[in-house]
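A.B. asks: Single-letter residue listing:
Protein chains: 2
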Amino acid sequence: MDKPDQGQPDEKLAGLFRAFLQDFRWEDVPFLPYKEEGSAPFKAISRQVLFQDPELSCELRYFEVAPGGYSTLERHQHSHGVMILRGEADVLVGREVRSVKTFDLVRIPPMTWHRFRTRGDAPMGFLCMVNVERDRPQLPTEDDLRQLKRDPAVAAFLSED
Amino acid sequence: MDKPDQGQPDEKLAGLFRAFLQDFRWEDVPFLPYKEEGSAPFKAISRQVLFQDPELSCELRYFEVAPGGYSTLERHQHSHGVMILRGEADVLVGREVRSVKTFDLVRIPPMTWHRFRTRGDAPMGFLCMVNVERDRPQLPTEDDLRQLKRDPAVAAFLSED
Chain A
143 MDKPDQGQPD EKLAGLFRAF LQDFRWEDVP FLPYKEEGSA PFKAISRQVL
193 FQDPELSCEL RYFEVAPGGY STLERHQHSH GVMILRGEAD VLVGREVRSV
243 KTFDLVRIPP MTWHRFRTRG DAPMGFLCMV NVERDRPQLP TEDDLRQLKR
293 DPAVAAFLSE D
Chain B
143 MDKPDQGQPD EKLAGLFRAF LQDFRWEDVP FLPYKEEGSA PFKAISRQVL
193 FQDPELSCEL RYFEVAPGGY STLERHQHSH GVMILRGEAD VLVGREVRSV
243 KTFDLVRIPP MTWHRFRTRG DAPMGFLCMV NVERDRPQLP TEDDLRQLKR
293 DPAVAAFLSE D
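Which chain is which? The protein sequence lines are A and B, in order.
First residue of the first sequence? That's 143 in this note's numbering, and the numbers climb one at a time after it.
First residue of the second sequence? That's 143 in this note's numbering, and the numbers climb one at a time after it.
Keep in mind that the hints were calculated from the coordinates and are not lab data.
Incorrect hints may have been included.
These stretches of chain A come out as covered by chain B in the derived footprint (C-beta under 8 Å, 3 or more residues) [unchecked claim]:
#, stretch
1, 183-191
2, 251-259
The following residues of chain A were derived to be distant from chain B, with all beta-carbon distances above 12 Å [to be verified]:
#, residue
3, F173
4, L174
5, P175
6, Y176
7, F205
8, G262
9, D263
10, P265
11, R278
12, A297
13, A298
14, S301
15, D303
For every residue, glycine included, the Cβ atom is placed at its ideal position computed from N, Cα and C.
Same shape as in the complex, but just chain A (with noise of 0.2 Å):
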């Protein structure tokens, strides 16, 4: 006989397996908008969840932005880690401009301005692991805006839509 807490049903055990297909698309993994249209500035992303469980605390999501495309500058409460998957990409981290490829680490801290942006002609794509329970992205007022150009690099990074 199983014992109750080690026999599951397999109907229980689904979506154990999902394999990597071509072009970074998952299998059963939904190919999604970045967020909704015109809810904030972006260009030409998409999102992946890859980790959604109620076990888990955090999601992991895969972020893809093609050639020319950018996230949102926005900052927020909760925190992201970031590993970059694919390509290269210059990156806005606080008033940091840094340009990271294939397998890097990116840590954006609590109320943090933030942006990604492709960097030559090859897709970019990134994990970012966060928390489940986490706030709404904040976007910079014109005022923000002001105080980050006041940095030459951040502001060439943030010239260049």
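With the hints as your guide, set chain B onto chain A.
C.D. replies: Quick look at chain B alone, frame taken from chain A:
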């Protein structure tokens, strides 16, 4: 004047960017043993904690298994979200044994026996997302092993040590 919530002092923004180095190591990420020697059966496996942040409810770890190596056969109440990052593996989850390769996804539900084993002659590395607050892994009893080995595929997987 900077707003207090915007102008973090520079020293609070250390460690934002950590580069991927050769041989699947990362800047400022310690290369660690998988677990305490002798605490449980395993072979040829290392651990690097990529994200462990007071503001994140999960950790993201990178485990790497050398050819011929394997992780501990264990189960626990907490759950894992896994992405293979390099190489190929045979993986046991519950009663299922599957071959996986780079960027494939594996979900380990609560109280489900699991083990990773390299496949072929190359190292196999994987990302593992896990709750910060979690229970300790349980090892199989002789009875658990007997039950697991009733399935021929599981028995074959476990007999390879």
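A.B. asks: Hints first: check each against the structure and report whether it holds.
C.D. replies: Right, here's what the structure says about each hint:
{"no.": "1", "hint": "183-191", "verdict": "violated (count 0)"}
{"no.": "2", "hint": "251-259", "verdict": "holds (count 5)"}
{"no.": "3", "hint": "F173", "verdict": "15 Å, holds"}
{"no.": "4", "hint": "L174", "verdict": "16 Å, holds"}
{"no.": "5", "hint": "P175", "verdict": "21 Å, holds"}
{"no.": "6", "hint": "Y176", "verdict": "20 Å, holds"}
{"no.": "7", "hint": "F205", "verdict": "15 Å, holds"}
{"no.": "8", "hint": "G262", "verdict": "17 Å, holds"}
{"no.": "9", "hint": "D263", "verdict": "21 Å, holds"}
{"no.": "10", "hint": "P265", "verdict": "14 Å, holds"}
{"no.": "11", "hint": "R278", "verdict": "15 Å, holds"}
{"no.": "12", "hint": "A297", "verdict": "16 Å, holds"}
{"no.": "13", "hint": "A298", "verdict": "18 Å, holds"}
{"no.": "14", "hint": "S301", "verdict": "20 Å, holds"}
{"no.": "15", "hint": "D303", "verdict": "21 Å, holds"}
Checked against the numbered hints above, the structure breaks only hint 1 and satisfies the rest.
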